[in-house]
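K.L.:
Residue-level listing of the chains:
Protein chains: 4
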Amino acid sequence: MRTGSEYLQSIREMNLPLYIDGGKVDNALDHPAVRAAAEAVAFTFDLVSDERYRDMMTRTSHLTGEPVPIFQHVPQSVDDLVAKVKVTRFCNRRLGICSFRCIQNAYAPLLYITAKVDAERGTSYHRHAVNWIRYMQENDFLACPAITDPKGHRKIRACDQPDPDMYLRVVKKDSEGIVLRGAKLHQTGAAISHEKLVLPCTTHRRGSEDYAVACAIPTTTPGLIHISVRHSQDDRRVEGAEIDLGNFRYGVHECVVIFDDVFVPWERVFLCGEVDYLDEFVGLFGSSHRPTTGGCKAGWADVLIAATQLVARYHGLEDASHVRDKLSDMMAISETMYSCGVAAAMHGYELPNGGYVADPVLANNTKYYASRAVFDLIRLAEDITGGILACCPSEKELRNPEIGHYLERFFKGAHDVPAEHRIRMVRLIENISWGLGSILHSATHGGGSGQACKMELFEFSRHAPHRAEAMEYAQRLCGVMQ
Amino acid sequence: MRTGSEYLQSIREMNLPLYIDGGKVDNALDHPAVRAAAEAVAFTFDLVSDERYRDMMTRTSHLTGEPVPIFQHVPQSVDDLVAKVKVTRFCNRRLGICSFRCIQNAYAPLLYITAKVDAERGTSYHRHAVNWIRYMQENDFLACPAITDPKGHRKIRACDQPDPDMYLRVVKKDSEGIVLRGAKLHQTGAAISHEKLVLPCTTHRRGSEDYAVACAIPTTTPGLIHISVRHSQDDRRVEGAEIDLGNFRYGVHECVVIFDDVFVPWERVFLCGEVDYLDEFVGLFGSSHRPTTGGCKAGWADVLIAATQLVARYHGLEDASHVRDKLSDMMAISETMYSCGVAAAMHGYELPNGGYVADPVLANNTKYYASRAVFDLIRLAEDITGGILACCPSEKELRNPEIGHYLERFFKGAHDVPAEHRIRMVRLIENISWGLGSILHSATHGGGSGQACKMELFEFSRHAPHRAEAMEYAQRLCGVMQ
Amino acid sequence: MRTGSEYLQSIREMNLPLYIDGGKVDNALDHPAVRAAAEAVAFTFDLVSDERYRDMMTRTSHLTGEPVPIFQHVPQSVDDLVAKVKVTRFCNRRLGICSFRCIQNAYAPLLYITAKVDAERGTSYHRHAVNWIRYMQENDFLACPAITDPKGHRKIRACDQPDPDMYLRVVKKDSEGIVLRGAKLHQTGAAISHEKLVLPCTTHRRGSEDYAVACAIPTTTPGLIHISVRHSQDDRRVEGAEIDLGNFRYGVHECVVIFDDVFVPWERVFLCGEVDYLDEFVGLFGSSHRPTTGGCKAGWADVLIAATQLVARYHGLEDASHVRDKLSDMMAISETMYSCGVAAAMHGYELPNGGYVADPVLANNTKYYASRAVFDLIRLAEDITGGILACCPSEKELRNPEIGHYLERFFKGAHDVPAEHRIRMVRLIENISWGLGSILHSATHGGGSGQACKMELFEFSRHAPHRAEAMEYAQRLCGVMQ
Amino acid sequence: MRTGSEYLQSIREMNLPLYIDGGKVDNALDHPAVRAAAEAVAFTFDLVSDERYRDMMTRTSHLTGEPVPIFQHVPQSVDDLVAKVKVTRFCNRRLGICSFRCIQNAYAPLLYITAKVDAERGTSYHRHAVNWIRYMQENDFLACPAITDPKGHRKIRACDQPDPDMYLRVVKKDSEGIVLRGAKLHQTGAAISHEKLVLPCTTHRRGSEDYAVACAIPTTTPGLIHISVRHSQDDRRVEGAEIDLGNFRYGVHECVVIFDDVFVPWERVFLCGEVDYLDEFVGLFGSSHRPTTGGCKAGWADVLIAATQLVARYHGLEDASHVRDKLSDMMAISETMYSCGVAAAMHGYELPNGGYVADPVLANNTKYYASRAVFDLIRLAEDITGGILACCPSEKELRNPEIGHYLERFFKGAHDVPAEHRIRMVRLIENISWGLGSILHSATHGGGSGQACKMELFEFSRHAPHRAEAMEYAQRLCGVMQ
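Chain order of the listed sequences is A, B, C and D. So in our numbering, spot 98 of the first sequence is number 98, and the numbers just go up one at a time. So in our numbering, spot 202 of the second sequence is number 202, and the numbers just go up one at a time. So in our numbering, spot 311 of the third sequence is number 311, and the numbers just go up one at a time. So in our numbering, spot 221 of the fourth sequence is number 221, and the numbers just go up one at a time.
Hint data in this document are derived by calculation from the structure and do not stem from the laboratory. Mixed in with the good hints, there may be bad ones.
The list cannot tell twin chains apart, which means a pair is met if one copy fits it or any two copies do.
[What the hints assert, rightly or not] Computed cross-link-like contacts, DSS-like style, restricted to lysine-lysine with a CA-CA straight-line distance of at most 25 Å:
hint, residue 1, residue 2
1, Lys151, Lys396
2, Lys173, Lys151
3, Lys172, Lys151
4, Lys151, Lys326
5, Lys396, Lys86
6, Lys173, Lys86
7, Lys173, Lys116
8, Lys396, Lys173
9, Lys24, Lys116
10, Lys396, Lys155
11, Lys396, Lys172
12, Lys326, Lys24
13, Lys116, Lys326
14, Lys116, Lys396
15, Lys155, Lys86
16, Lys396, Lys326
17, Lys326, Lys155
18, Lys151, Lys116
19, Lys24, Lys396
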């Protein structure tokens with residue numbers, strides 16, 4: 001298992017070129033925005049290496065029999081599922097942002113579906129998947145899930161789009177492997193991961209076989225082009241700000257990744273054309289991933305709540321009844337997000353040949369709840385923080401000797417708290433709310449939109465035994481059924 | 001372990017007088033409103049006796065070593081806590097109302113606090129408590145928690161109230177026992193329980209020692225007077241309605257119980273004057289009880305959702321996009337209530353000399369969430385059900401041969417569903433929403449108001465390690481702390 | 001203009017038979033539930049006759065040139081539209097329930113559409129409508145809008161329903177008039193009105209001409225059969241309760257009205273078969289009626305808020321910060337409902353040959369807002385009121401000399417407020433919340449469901465100039481359009 | 001009346017120095033962030049000059065008898081109050097941001113209170129105020145309200161703060177005038193206004209007389225120091241971006257303004273030490289200003305809704321049921337904000353010696369509603385817009401010939417809409433949501449926080465006759481009062 005600095009070194013050695021700021025940097029890690037994201041990942045590696053957290057942070061791999069970071073583990077029990085939710089909250093509470101370690105959520109569904117396809121279609125995908133996961137575990141690599149397709153006109157299916165590349169597709173197959181063309185968007189951590197796990201972002205129907213592809217690709221594979229996106233306040237990181245960043249050490253970095261005819265050898269292919277299995281696979285991946293949201297957003301929210309409470313303290317208002325009331329609501333929301341994730345994990349079940357996945361109804365419920373709740377959190381935080389959140393001077397002005405002394409006086413709240421402390425805390429709230437470490441965006445659309453989760457919650461509920469039972473008892477209780 | 005009919009027989013034998021409808025019935029069970037509540041309890045006894053549910057419904061008592069209904073068990077593990085939430089949802093989904101089996105939630109806090117008081121004060125309350133719980137287990141008795149005091153002016157403490165009996169108090173103590181005077185309100189199931197477990201409804205401070213009393217009393221003890229309350233639609237039960245009841249078999253029954261100088265022997269006294277322990281005890285009881293709400297309201301909501309979906313089906317609207325959308329929201333709310341309860345249980349911990357209790361923050365969060373969520377459930381149900389919910393003819397009109405045939409025609413939705421089915425289902429929704437089996441009231445104030453839970457959530461959060469951690473990391477992330 | 005007692009006398013003289021409680025009463029007014037509704041109407045007549053309110057309560061008819069109650073007036077200005085919202089709030093704040101005086105909202109759309117049909121189809125409906133409205137004004141009659149059809153399977157159009165009478169229809173036409181068959185449901189005040197104004201409840205398409213009918217019918221017309229519905233707590237009125245009613249003078253009464261081949265002479269027919277005009281007419285009626293909701297629910301809410309505040313006062317909690325906070329929210333909600341109604345009226349416009357109607361977007365917005373807001377009001381009221389709302393003893397027990405003295409002691413809050421006062425106020429809250437005068441039902445579905453209003457809001461917004469302008473400027477601001 | 005270009009020229013001539021980006025620019029208008037704000041103001045001047053809008057945009061001054069822009073007018077009727085709400089919505093719908101023209105809202109309260117103080121204290125403030133307003137009208141100047149004090153520890157009153165300058169105060173008074181020391185924060189448009197109207201941000205009590213000061217000051221007065229604040233994305237404006245700005249022409253600019261011993265001659269002083277009048281004055285100003293919020297946020301929201309609908313169209317999802325549903329909710333929210341503002345204005349009343357001000361309860365309700373509603377708007381916009389809102393590439397990448405062609409392909413939605421259009425629209429939504437033209441911040445705290453408005457709503461409701469009436473009728477209806 002790598003330390004944080006070993007991880008950083010390995011990313012440096014990838015020497016990945018990145019298009020950003022209108023140009024191209026030769027080694028993505030040289031860019032401060034990328035570096036801040038890599039530092040967050042490095043922190044999670046250090047947690048795993050830390051003796052104090054060893055029990056929480058490691059598991060014994062069922063594939064290798066060796067200890068692996070929990071982030072590399074295929075869940076082998078309900079406890080493993082629950083642990084993932086808890087660990088994510090634990091990490092995000094220390095980072096104030098995404099911890100980038102969710103690839104594991106795809107492992108069990110991948111093992112299960114590949115075994116099922118193999119059994120029915122005579123393929124050998126399961127072996128490929130096992131080997132790749134073992135490779136991930138043995139090398140302690142970070143993989144980035146490459147899922148979201150451009151999608152074009154949302155009502156037109158992949159094979160009928162005027163531009164056939166609006167969903168990533170296989171343009172060539174031969175005895176060696178396959179060639180991919182298209183793009184994957186919203187790639188969190190793409191430039192600081194060793195591998196990509198390519199998965200379909202939606203199900204497809206017959207006729208769209210070329211789009212039913214899952215595989216793993218090293219990040220440095222020829223044909224992959226990484227283009228940075230522009231976040232709300234990433235200019236500040238480029239500028240070398242500290243106070244104005246709020247969270248000055250850690251950040252999030254996201255890419256568009258172009259697949260310009262990328263070759264993937266067969267031994268790294270997990271699905272190729274088997275559209276009939278996508279409904280199940282996509283549903284399982286959602287169920288497997290979405291409980292993590294409960295821990296992820298709760299961890300973030302923990303920081304937001306604490307920062308808000310500290311600002312209230314700086315204002316002398318920590319004990320004002322309406323402030324306490326609103327802080328209570330923030331806590332209630334964050335504990336509810338967490339509870340949903342934990343309960344989804346706790347109701348998980350074993351997949352044949354795979355591992356454990358969470359209950360699909362409760363998993364989708366978690367993400368659906370979180371997708372709306374974060375807006376309430378941000379509203380309450382902004383309410384308590386006050387107008388300074390929108391009207392705060394820059395550290396550049398603070399450090400201007402002509403005027404800095406005025407700001408130091410007039411941006412104090414309680415007399416014994418330096419204005420700079422208050423401003424730093426306000427900038428952290430800004431960062432977490434809609435800046436570089438935003439809860440908003442990740443909660444709304446990351447890992448599937450709230451709307452998608454709501455619809456899946458309904459679909460999975462059709463098959464939930466307690467819904468059928470309730471249908472029966474509703475009829476019995478009122479006498480429609482005897 | 002008793003069957004349902006044995007339970008009913010035992011209640012009949014109590015021959016409890018009850019003031020109701022302006023008069024007095026000699027045996028409460030003779031009154032149809034009481035009977036409907038007793039039938040609900042009987043159903044839970046039958047579930048315990050049912051071989052199919054034996055594993056779910058029984059546990060081995062750590063006191064007697066014998067199998068006992070889970071409702072009589074002192075939780076000995078986190079799994080026991082979780083099971084209580086699940087079982088409550090399971091029962092309520094079959095009853096459409098309260099299942100009356102929550103007394104167990106007081107056991108662990110009672111065992112713990114009595115042991116603590118004994119150790120520090122040299123009393124023998126713990127033995128009394130152990131004996132009483134064993135007695136409850138051995139006889140498989142139902143006990144009613146007698147908690148809510150009249151409270152008078154809410155800002156005046158018990159000992160300063162102009163009327164000293166606004167909180168139940170000890171008016172006499174001697175070598176035999178104590179004498180209680182006052183009243184306990186909102187006593188769900190008081191007339192169909194074998195025992196009362198008297199507990200303080202709030203903490204008290206020094207000076208109010210007479211009000212710090214916990215004990216157990218047989219329901220038929222002299223000096224106890226049971227007075228029925230009047231619910232929204234209980235006239236219909238008296239009238240002998242069937243369709244108009246919605247839930248025609250099961251009901252809820254509640255009493256005011258007057259304590260007109262009731263003697264309690266010492267061996268049934270668990271606290272008497274030890275005000276210093278009330279803060280902890282009251283807090284523990286809340287934490288122990290409130291996760292059950294998650295299962296309780298989810299079970300009720302299951303019936304409400306099913307009934308609403310059936311009405312939508314009768315209207316030909318089950319697949320209308322806005323109906324599906326609203327049903328999804330109802331399901332999401334119910335699963336969130338349940339998830340909160342389960343998570344609170346899952347984060348439970350062991351109390352010395354007691355058993356297990358749930359996490360206090362997550363427990364209070366559960367009740368706080370549910371106290372508001374039920375109004376959204378009812379709003380959505382009413383929205384989908386339509387105007388018929390408020391404007392439905394009585395079964396008396398349906399059965400009037402002069403006009404019944406008109407109603408049979410014009411109260412049909414889909415042609416192949418009899419109007420009576422539609423009306424029965426609508427009446428069930430009415431019943432569950434604000435009638436006899438109302439979610440509303442129980443969720444708002446039963447087991448502590450939402451406001452109380454919100455305040456306790458905040459107080460317990462002060463001591464939650466993850467809140468302290470977040471305070472530290474908020475400061476580290478923005479540079480206020482190194 | 002009639003006084004209240006003249007109105008009551010005129011209803012008595014109608015001698016309308018009513019099916020209720022499984023039988024038939026010869027004169028509906030003899031039934032206490034009907035009587036309570038009639039008393040509410042009588043109160044509005046008295047307000048009109050009261051010199052103090054003359055300016056507010058009367059207008060000069062543009063048809064007769066004589067003063068008429070505002071409830072009989074065809075709005076001739078935006079001020080008239082606004083006045084209707086204000087007057088409704090004024091009345092309902094005094095009644096705690098519906099004031100039954102909304103028929104006027106149909107007048108302007110009726111005059112407009114009949115003139116339009118006449119001009120294009122050579123009919124003489126407009127004259128019929130003018131004459132009938134003048135007749136209403138001259139006699140100061142109450143009319144009940146007869147709108148809601150049974151509707152059967154909601155996805156099947158009227159002419160394709162297996163039972164052709166699921167929407168009221170014309171089964172015969174001759175030189176004298178037309179014959180109607182079917183039913184109208186949810187008829188608020190049907191048994192205490194002199195007239196019915198029959199209108200289609202939805203639009204129809206070609207093929208359903210028989211269902212496109214509007215006309216006026218005296219309530220005592222042969223073939224009309226009035227059947228009472230059963231409300232939540234109307235048994236209490238029959239029983240002769242006072243305290244337990246909450247609002248002991250005034251009530252709401254609703255009927256199912258069967259049309260068993262009812263003859264209507266041509267001079268009272270306003271539409272018969274002109275399906276092409278229904279889209280516009282139904283939309284206009286909605287726009288005309290729905291601003292009233294803003295005043296109607298705000299007036300009710302005023303009583304609910306006051307009652308809740310009084311209970312808080314009785315509990316000694318009026319100044320508790322969380323109580324003040326919740327009362328503030330209740331006030332905010334009620335003022336927002338009212339503001340929406342007022343603004344919709346204020347943006348009204350003149351219809352040719354008709355009068356004024358409100359802005360359709362703002363009108364539908366009013367009802368959509370109110371349809372959800374009332375649940376928040378009731379939630380907050382229940383939250384503040386406490387458990388007593390669900391567990392209150394009956395006046396029958398209060399008056400039982402054996403136990404009444406206990407209840408008088410233990411149901412006190414503040415020592416100087418009699419328990420009976422507290423109980424009466426709690427019963428009023430019960431009544432207003434989900435009892436006989438419920439805000440819930442009327443706000444959810446009365447005058448069109450929230451869902452219908454939301455959909456119409458969207459449809460009318462398609463044609464709103466400010467939406468088109470915003471589309472243009474959104475494109476200009478970001479440079480998509482020059 | 002000035003044109004936009006005349007306005008810009010006059011600001012250029014002020015040659016105001018501004019501290020920004022760590023340095024100092026000699027003429028604030030040279031900075032692109034300031035310039036973008038000035039362009040927005042210029043647009044409002046052009047609207048006034050535009051013949052098409054003359055009626056809407058001008059009024060006859062009651063002071064000069066000459067036509068003045070509505071923004072300079074002292075409201076002389078309820079219609080004037082309503083017009084202000086409408087005009088603000090009209091402007092903001094074209095700007096997508098603040099229109100900076102709210103100073104007028106202070107005029108009527110200022111005229112009223114100065115006359116009252118003069119009458120009771122023998123001062124001559126009213127003449128000063130009249131003269132200054134006439135001066136504003138004759139020169140068609142823009143004034144910036146200088147209200148928000150630093151406030152220090154919020155629970156300590158001004159005169160007891162450890163640093164006496166935490167509220168702006170008078171440090172010297174002589175026969176010529178007064179000298180001010182302190183700061184005013186969150187000064188929207190301070191660097192592009194000709195004048196400042198200094199007002200207290202809160203009431204003060206006896207002992208804090210030095211803090212009770214109102215006056216007008218030219219922006220270029222010696223001792224005033226303007227320091228820019230740093231917004232979410234203003235770096236992009238400095239960089240010269242276009243697409244990435246979303247709203248590339250118009251912006252908001254805000255300052256901290258230091259008062260380093262600023263001299264104000266008596267003829268420009270409107271209050272100086274009269275603490276006893278602050279309660280009334282501060283309340284009146286709130287009531288006068290807050291209805292504008294209804295138009296202001298609705299105008300902004302109009303752009304947000306249109307942009308969201310256009311993105312949905314680009315995605316092929318405009319007719320998806322859940323999208324239509326959410327757009328309907330956005331429209332409902334925006335119309336409700338507007339309705340609240342309009343109703344508050346419509347219930348306005350005349351102040352002696354002043355002009356008209358809005359109803360205080362409805363005015364505070366408007367702002368309280370809007371302060372929460374904007375978060376729902378942003379949530380719904382983000383929900384519909386999708387993940388691209390957080391993961392959008394920069395125009396710098398779009399314009400990089402090596403990779404721009406990829407982005408042009410893969411950021412298309414519907415095939416016939418260029419990717420750049422989609423990206424521009426997404427950037428507009430970003431801008432309006434939490435970027436430079438954010439609804440969030442202005443709605444939450446601009447013009448008084450939601451919490452302050454809620455508390456004032458409650459306080460003013462104590463004196464509202466309809467609340468007293470409801471108290472009476474609640475008691476009558478249930479029989480507590482005869």
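K.L.:
Could you figure out if lysine 396 and lysine 172 sit no more than 25 Å apart (CA to CA) within one copy, between two copies, both or neither?
P.N.:
Neither. Shortest intra-copy (54 Å) and inter-copy (33 Å) distances fail the 25 Å Cα cut-off.
K.L.:
Can you give me the call for lysine 396 and lysine 173, within, between, both or neither, at a CA distance of at most 25 Å?
P.N.:
neither (56 Å within a copy, 36 Å between copies)
K.L.:
What label fits lysine 173 with lysine 116 when the C-alpha limit is 25 Å: within, between, both, or neither?
P.N.:
Intra 22 Å, inter 69 Å, cutoff 25 Å: intra-copy only.
K.L.:
What label fits lysine 151 with lysine 326 when the C-alpha limit is 25 Å: within, between, both, or neither?
P.N.:
Answer is between: at 21 Å across copies they meet the 25 Å cutoff, but 40 Å inside does not.
K.L.:
Can you give me the call for lysine 326 and lysine 155, within, between, both or neither, at a CA distance of at most 25 Å?
P.N.:
between (41 Å within a copy, 18 Å between copies)
K.L.:
Quick one: lysine 24 to lysine 396, C-alpha cut-off 25 Å, is that within a copy, between copies, both, or neither?
P.N.:
Answer is between: at 11 Å across copies they meet the 25 Å cutoff, but 28 Å inside does not.
K.L.:
Have a look at lysine 396 and lysine 326 and pick one of within, between, both or neither, based on CA distance no larger than 25 Å.
P.N.:
neither (33 Å within a copy, 41 Å between copies)
K.L.:
Please sort lysine 396 with lysine 86 into within, between, both or neither, judging by C-alpha distance up to 25 Å.
P.N.:
neither (39 Å within a copy, 40 Å between copies)
K.L.:
Could you place lysine 396 and lysine 155 in one of the four classes (within, between, both, neither) given a Cα distance threshold of 25 Å?
P.N.:
neither (48 Å within a copy, 30 Å between copies)
K.L.:
Checking an output row: lysine 116 and lysine 326, CA cutoff 25 Å. Within, between, both or neither?
P.N.:
The answer is neither: 50 Å in one copy and 36 Å across copies each exceed 25 Å.
K.L.:
Tell me, please, which holds for lysine 151 and lysine 116 at an alpha-carbon limit of 25 Å: within, between, both or neither?
P.N.:
neither (28 Å within a copy, 49 Å between copies)
K.L.:
Is it within, between, both or neither when you check lysine 151 against lysine 396 at 25 Å Cα-Cα?
P.N.:
between (42 Å within a copy, 23 Å between copies)
In summary, the numbered hints that this structure violates are 5, 6, 8, 9, 10, 11, 12, 13, 14, 15, 16 and 18.
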